[in-house]
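Residue numbers (this note's numbering), protein chains in the order written: chain A, 1 to 304; chain B, 305 to 667.
Calculated directly from the structure, the hints in this document are not laboratory data. Treat the hints with caution; some may be incorrect.
In silico DMTMM-like pairs for lysine to aspartate or glutamate, Cα to Cα no more than 25 Å straight-line [claimed, not checked]: (1) Lys405(B) to Glu455(B); (2) Lys482(B) to Glu419(B); (3) Lys201(A) to Glu357(B); (4) Lys411(B) to Asp423(B); (5) Lys405(B) to Glu195(A); (6) Lys201(A) to Glu419(B); (7) Lys405(B) to Asp40(A).
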Amino acid sequence: MIERTPILNLVTQLVLFVGLVVALAPFVFVAIAATHDLRDVNLVPMPLLPGHNFIDNLATAWHRAGLGPKLVNSLIFAGGVAIGKVVVSAFTAYAIVFFRFPGRQLLFWSIFVTLMLPLEVRIVPTYAVAANVLGPYQAILDITGITSLVEALSGIRLDLQFGLLNSYPGLILPLVATATGTFLYRQFFLTLPDELVEAAKMDGAGPIRFFFDIVLPLSRNNIAALATIMFLWAWNQYLWPLLVTTEPEHATAVTALKSLIPNEGGIPEWNVAMAGTLIVMLPTLIVVIVMQRWFVRGLIASEK
Amino acid sequence: MAEISLRHVAKSYGRTPVVHAIDLEVAAGEFIVILGPSGCGKSTLLRMIAGLEAITAGEIAIGGRVVNDLEPRERGCAMVFQNYALYPHMTVADNIGYALKVAGVAKAERLARIEKVADALGLRDLLGRRPAQLSGGQRQRVAMGRAMIREPAVFLFDEPLSNLDAELRVRMRVEIRKLHDRLGATSIFVTHDQVEAMTLADRIVVLHGGRVEQIGTPYAIYHQPASHFVAGFIGSPAMNRLDGRVGPAATVVFADGTTIAVPDLDLPEGQAVTLGIRPEDLRVGSEAPEDGIRHRLAIDFVEHLGPAALVHGRFAGHDFVASVPRHIAFTVVEGLTFTMPVETMHLFDSTTGRRIGIDAARE
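With the hints as constraints, model all of the structure from the sequences given.
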């Protein structure tokens, strides 16, 4: 059916265009600001034609914030979180969808409910655990009186310590559990026909073979989509890395940007801050551009 | 090759029984078709044999070995699914060879066997393709190949032809039967299509509401249906079934007063019976013998099928169909004269639905 609705078309295009401008304007503004020198960037209004200090600003930002090692940190952090989430949620969803065991629904819903508890809400307990992974066990020992018992008997005071602050595991592990990913996989696994499972059973494949030979290859679009989203999400994390990494050599690129933002009363070098922002944005842009095809395919209808 | 024994096999979901204590002995190399309307438990029965569905009671033995507690892969069965269930991300060759890969067969031998199976099924040129690039008939053949390559003792078919178009269905039907004869494996084939059942089976198991209605050769099922249900289910158009009562002097009397003589009928007067006769067993028009008891069918409408016409009308207070060969002339206005040859009549007990052996008494 061909519809001729010129007015509707015009309005639609207009809305799309406004959306594009709203989405791109800040980015363009950042890019232009990063090309100015100190004087131009502080003019009101700021000149919208690019200046000539782009390369200088990039170099300054790079050195001042130590972006080289910070980008590596960020890459390890975001990559680790993305891979961890992809692996953990694939296993979780596989267990929930393909195995019948008591408490299956309860398990699924308890995972699902954690969607309502984003990192910011549970940041204090999460930090406490990261500071001492064995803390909860210590608490159990203390409350039950075992600690004092042991101390009274042997004179040794039990003090379990296993801190993860200022380390990659401390950055990555607490963020690896994911309800979103589990849910995404679950929805996809549910679309796999039962007959596929049965055919694999008849062919003699056990659960592990079925997972690696059939389920994983079929979910590669989902994996790509989830990995992309989670990489971007982790890359943009600010609060958690700031809390967990107190030593500068463990800081991530996003937290490092803070050092480029002019202090009150300092030199208003917004051009350098914007250049640093551009650098930090670049890896995410590349990831999106490279992954977008699979990304979209994994989120919309599954291929038949 | 293996024989299969089902002893009182039953299945219920919670408290709802879906299969009631079924007994069945399948000889090695036999082709059994399980036939029944949808929801009669035929697929469940097949899946219990395959091991995909646990049985609630009874015992299943394959090749003399009780397999109740064995995993599907340990039972030596291969299965062809209704929707083929091919692995979408694997090539045809990988699909066919997957069972061997799982079993740890070396790659060279695997390839040789894949090629052998592909040759037998005419899939040689398609080995590199994905299922999405195949037609329905080709997918069907790949599914068969996947079952064949394991050289199983038992083939299980779960309505494998129901997704194909009419022409292809007939062709694949022939191929499946040829394949069975060549491989000599025991085959169990589930379908709701009576033509498939009649053409493929050595013996048919008619299932209804989770119970066996009749087990027999296609000939026996057609000519001596054991119950009212089988009589109506087998044959197209369906057998005419007229509900009446036993009258005086070996007759059946119907509500509208029509009386039909059934010689040798030895039942108490007044018992509710159903008289059955197939549309194609009637002697109609000019072929109706002069000395027989002639009836007249008031014609409602006529379906012309080519070789014969199906004449629909009312007789003895029931809808009634007669099959009229094309060389016999009749007019709608005059109606159709017919006689009912006694040897083609079937009689059923209306309350139990079971066959009453008038033919046995005559023989």
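How the hints compare with the structure:
1. Lys405(B) to Glu455(B): holds, 14 Å
2. Lys482(B) to Glu419(B): Satisfied, since the Cα-Cα distance of roughly 19 Å is no more than 25 Å.
3. Lys201(A) to Glu357(B): holds, 12 Å
4. Lys411(B) to Asp423(B): Holds, because 18 Å separates the two Cα atoms, which is no more than 25 Å.
5. Lys405(B) to Glu195(A): With Cα atoms ~20 Å apart, Lys405(B) and Glu195(A) stay inside 25 Å; holds.
6. Lys201(A) to Glu419(B): OK: Lys201(A) and Glu419(B) at ~23 Å, within 25 Å.
7. Lys405(B) to Asp40(A): violated, 68 Å
This entry does not satisfy hint 7, going by the numbered hints stated previously; all others are met.
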